[in-house]
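Asker: So the sequences go chain by chain: A and B. For the first sequence, numbering that gives the first Met the number 0 begins at 0 and goes up steadily by one. For the second sequence, numbering that gives the first Met the number 0 begins at 0 and goes up steadily by one.
Keep in mind the hints are simulated off the structure, nothing from the lab. Everything numeric in this text was worked out from a predicted model, so none of it was measured. The beta carbon of each residue, even a glycine, is placed where N, CA and C say it ideally should be. Accuracy of the hints is not assured; some may be wrong.
[What the hints assert, rightly or not] Some chain B residues close to chain A (C-beta under 8 Å, calculated; not the full set):
no., residue
1, L55
2, R57
3, T59
4, R60
5, E75
6, A79
7, R82
8, F88
9, F90
10, N94
11, L107
12, P108
13, M111
[Said to hold, decoys possible] Stretches of chain A that chain B covers, calculated by requiring three or more beta carbons in the stretch to come under 8 Å of a beta carbon on chain B:
no., stretch
14, 180 to 186
15, 392 to 405
[Claimed, not checked] Some chain A residues flagged as far from chain B (calculated, every beta-carbon gap over 12 Å):
no., residue
16, V336
17, R382
18, A469
19, S478
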Amino acid sequence: MIILSMMVASALMTMTLALSSGYAEGADLPWRQMIGADILVYPNHFIFGGPGSADTSWEWRDLSPDLPTDATFFHPGLAEGYLSPVGAPPATFDLAALPAGLAGVEGIAGIDAGRLLRASLVVETAAGRSLVPVTLRGRDIAADTERFDIGDVVISGRYFRLSQDGEWVALVNQAGFGQNLPPTGGRLVVEVPTLNGRTADGTPLVDFSVSKTFYFIVYGQYRLALGSVPLELGVPLDTSTGPGQAGARPTWPVAIDEPEVWVPAGTFDKIYEEVSGQPFRFTRQLKITTASLFEAKTLAAELAAALPDCTVLTVPQEVALSGIRYRARLTSLDPYVVKVLRQHFAHSTLALDVKSQLSLLAFAVAGLLVVANMYILVTQRRREIGILKAVGASGRDILVLFLTETLGYALAGSLLGFLGVRLLTLASLFGSRTSLVEGGFLTLTTAGVVIGLTVGTSLVFGFLPAWEAARTPTASLLSD
Amino acid sequence: MKPILEATSLARRFPVGDGVWALKRADLGVVQGEFVLVTGPSGCGKTTLLNLLGGLDRPTRGDILLRGTAYSKLDESGLARLRRRELGFVFQFFNLLSDLTAEENVALPMRMIGLPKAEMVTRTKELLGVVGMSHRSNHTPLEMSGGEQQRIAVARALACSPTIVLADEPTGNLDSRNSEDIMELFRRFNRENGQTFVVVSHDPGFSGYADRVVRMHDGEVAEVEKKESSRP
Chain A
0 MIILSMMVAS
10 ALMTMTLALS
20 SGYAEGADLP
30 WRQMIGADIL
40 VYPNHFIFGG
50 PGSADTSWEW
60 RDLSPDLPTD
70 ATFFHPGLAE
80 GYLSPVGAPP
90 ATFDLAALPA
100 GLAGVEGIAG
110 IDAGRLLRAS
120 LVVETAAGRS
130 LVPVTLRGRD
140 IAADTERFDI
150 GDVVISGRYF
160 RLSQDGEWVA
170 LVNQAGFGQN
180 LPPTGGRLVV
190 EVPTLNGRTA
200 DGTPLVDFSV
210 SKTFYFIVYG
220 QYRLALGSVP
230 LELGVPLDTS
240 TGPGQAGARP
250 TWPVAIDEPE
260 VWVPAGTFDK
270 IYEEVSGQPF
280 RFTRQLKITT
290 ASLFEAKTLA
300 AELAAALPDC
310 TVLTVPQEVA
320 LSGIRYRARL
330 TSLDPYVVKV
340 LRQHFAHSTL
350 ALDVKSQLSL
360 LAFAVAGLLV
370 VANMYILVTQ
380 RRREIGILKA
390 VGASGRDILV
400 LFLTETLGYA
410 LAGSLLGFLG
420 VRLLTLASLF
430 GSRTSLVEGG
440 FLTLTTAGVV
450 IGLTVGTSLV
460 FGFLPAWEAA
470 RTPTASLLSD
Chain B
0 MKPILEATSL
10 ARRFPVGDGV
20 WALKRADLGV
30 VQGEFVLVTG
40 PSGCGKTTLL
50 NLLGGLDRPT
60 RGDILLRGTA
70 YSKLDESGLA
80 RLRRRELGFV
90 FQFFNLLSDL
100 TAEENVALPM
110 RMIGLPKAEM
120 VTRTKELLGV
130 VGMSHRSNHT
140 PLEMSGGEQQ
150 RIAVARALAC
160 SPTIVLADEP
170 TGNLDSRNSE
180 DIMELFRRFN
190 RENGQTFVVV
200 SHDPGFSGYA
210 DRVVRMHDGE
220 VAEVEKKESS
230 RP
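Make a model of the complete structure from these sequences and hints.
Answerer: Pasting the structure below:
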């Protein structure tokens, strides 16, 4: 009975962990977030606020009606104005040159192949070698130079020259690495997992067990503005000089903080060929740029109708599906300090909210089940404990006996419960984009959590009643 | 003869309500090979006295010496060691472990003291034979009658050749025939092996088995009757 209830508790835990990790849907969250869709349709114009620093002076600005932007669609609060470094000009994407053959298509302003690979940055410290997951992104140098005001984007070092396409040079996202940020001029070591063919729908199969190592010179650090988020005021704002207008809600520009490494497109293509054994021909992700968000939505709908096998998303849809939210909080005025927090909501906002609540509930129920079982188990056996003490068992013997039994029950129950549910969800693993190695890692992690928690809870809550019984005078135990 | 078990001014108060003195004062000495019957009406403190003598409970006042070792000087582990090595218990409700067979129940105290397996098996068989339960060795308590269970409990109490066997109402849950059988068993071990017994019973009819009868009343030893003639 006790093993059965441990099984139920562990099965519940395994199930809820699978739900909350997206495992049951065969999901591989980072990969899906990165790829997102087969075709992404970008509206062309975005507003950029400057990155700022501790020394920056800030001013509150109204959104210029002359500035062609769709940013208010992403951040409606922007219509009320935004916080900007003093003197920083608002910047927008320029229209990209249309690729040959697509120039005549109405609504399309530019098109890119998404050169993306999952990789790991090798970080050597005194404590040893560790791997930081990164996205390796191939950049079209000519297109970037035309589209971006590179001087604003590259905040340290310099951007690639056209002649460097194919060379082992890289730029890193200043906002994406925290303390592991590679310095400009330093050496960058990146491990890229190999690609072992593709699934029937063309998705690359990533093999994390075999990686290849590449070395780069860090040419610089870049920072890409993502947009602005409402600024929560942790300190009272000085409305006479600062951005506070009565009733207005200030916003804060945030930068994309993915740990990303940019390499020239030609270099990326070499890496791709090295890890996949094939030349880079296409990727399922295409970025199509349009002049406005409204065009983007229309175009996305048309593409989705014309290409039923492809997932077509606009960027706002992509952002919503990625489940990433940014929150900016003003924590000090002098010096001016704003903390930007990144919140991760997995992939599906509504479904995740419901699931996370259910998961927590089921987890709590499972925990209570273990606790109740242990209490009942020991309480029911008080007389047996009394008999054992009468024939010479000490309190310590009783504790050891019960904790050993508890350990056995908890291990057997949690293992059976875990395996029962996990074997069912293995089907979804095989049907997913998750590699076997990563699936194995996920399985081991879940096993560790489920078995560890069940055993730990059982031992803790088995110990208390057993300890109490062990300390109770034998005569009382026998008279129960 | 010097007593092997000696209780002095023993008293036990339970913290119920304003406090209840279940045992007000008891002085008792038991010599080697003696068969002592403690008798008296219900609630007179017999079981409390026996629990204290067996180290199953701690006295509020007074002390007990077993072969010169004072219980008050022993911690819980020391008392557990004492019960393991020196004492055997027989209870009214048998108190066998229901998941274990008769054989395993008898062997339990021997496992506690770490007796070698071969020796344990031999001794278990011997004891089951002595109490007439060899044919039930692989049965669990639920498959046995009350009388049979009590015989197994007696064999368990004797397993480690204790200095004293303490029996609390060993016949309280048995019919008269089984009660006589159990008392006969005690007397046989007492006479043939010199095993010391302290038996608590509310039935004064068993006084014929004892060398000495201790009559209790209202938490105190009221009378001690020595019965020299009962020994053959």
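Asker: Each hint needs a verdict: does it hold in this structure or not?
Answerer: Evaluated hints:
Because the smallest distance between the Cβ of L55/B and any Cβ of chain A comes to about 4 Å, under 8 Å, the interface hint for this residue holds. Hint on R57/B holds. Least Cβ distance to chain A is approximately 7 Å, under the 8 Å limit. Because the smallest distance between the Cβ of T59/B and any Cβ of chain A comes to about 12 Å, over 8 Å, the interface hint for this residue is violated. Interface restraint check: R60/B against chain A, minimum CB-CB distance 16 Å, threshold 8 Å, status violated.
The criterion of a C-beta within 8 Å of any C-beta in chain A is met by E75/B, whose closest approach is roughly 5 Å, and the hint holds. Interface restraint check: A79/B against chain A, minimum CB-CB distance 4 Å, threshold 8 Å, status holds. Using the Cβ-Cβ criterion of 8 Å, the hint placing R82/B at the interface with chain A is satisfied: the shortest such distance is roughly 5 Å. The beta carbon of F88/B comes within 5 Å of a beta carbon in chain A, closer than 8 Å, and the hint placing it at the interface holds.
For F90/B, the shortest C-beta to C-beta distance to chain A is roughly 7 Å, which falls under 8 Å, so the interface hint holds. The interface hint given for N94/B is met, as the beta carbon of that residue sits about 5 Å from the closest beta carbon of chain A, less than 8 Å. Annotation: L107/B was flagged as interfacial toward chain A, and the flag holds, the nearest CB pair being 6 Å apart, inside 8 Å. With a least beta-carbon distance of about 5 Å to chain A, the hint placing P108/B at the interface is held under the 8 Å criterion.
Look at M111/B: its Cβ gets to within about 4 Å of chain A, closer than 8 Å, so that hint holds up. For the stretch 180 to 186 of chain A, the proposed coverage by chain B is not satisfied: 0 residues have a C-beta within less than 8 Å of a C-beta in that chain, short of the threshold of three. Against chain B, the stretch 392 to 405 of chain A contributes 5 residues with a C-beta closer than 8 Å to a partner C-beta. That satisfies the three-residue criterion, and the hint holds. Distance to chain B confirms V336/A as a non-interface residue, since its nearest Cβ pair spans about 60 Å, more than 12 Å.
With a closest Cβ-Cβ approach of about 7 Å to chain B, R382/A is found to fall inside the 12 Å limit, against its non-interface label. Not every C-beta of chain B lies more than 12 Å from that of A469/A, the closest at about 9 Å, which undercuts listing it as non-interface. Non-interface call for S478/A relative to chain B: violated, since the shortest CB-CB distance, roughly 9 Å, does not exceed 12 Å.
Violation of the numbered hints given earlier is confined to hints 3, 4, 14, 17, 18, 19; the remaining hints are satisfied by the structure.
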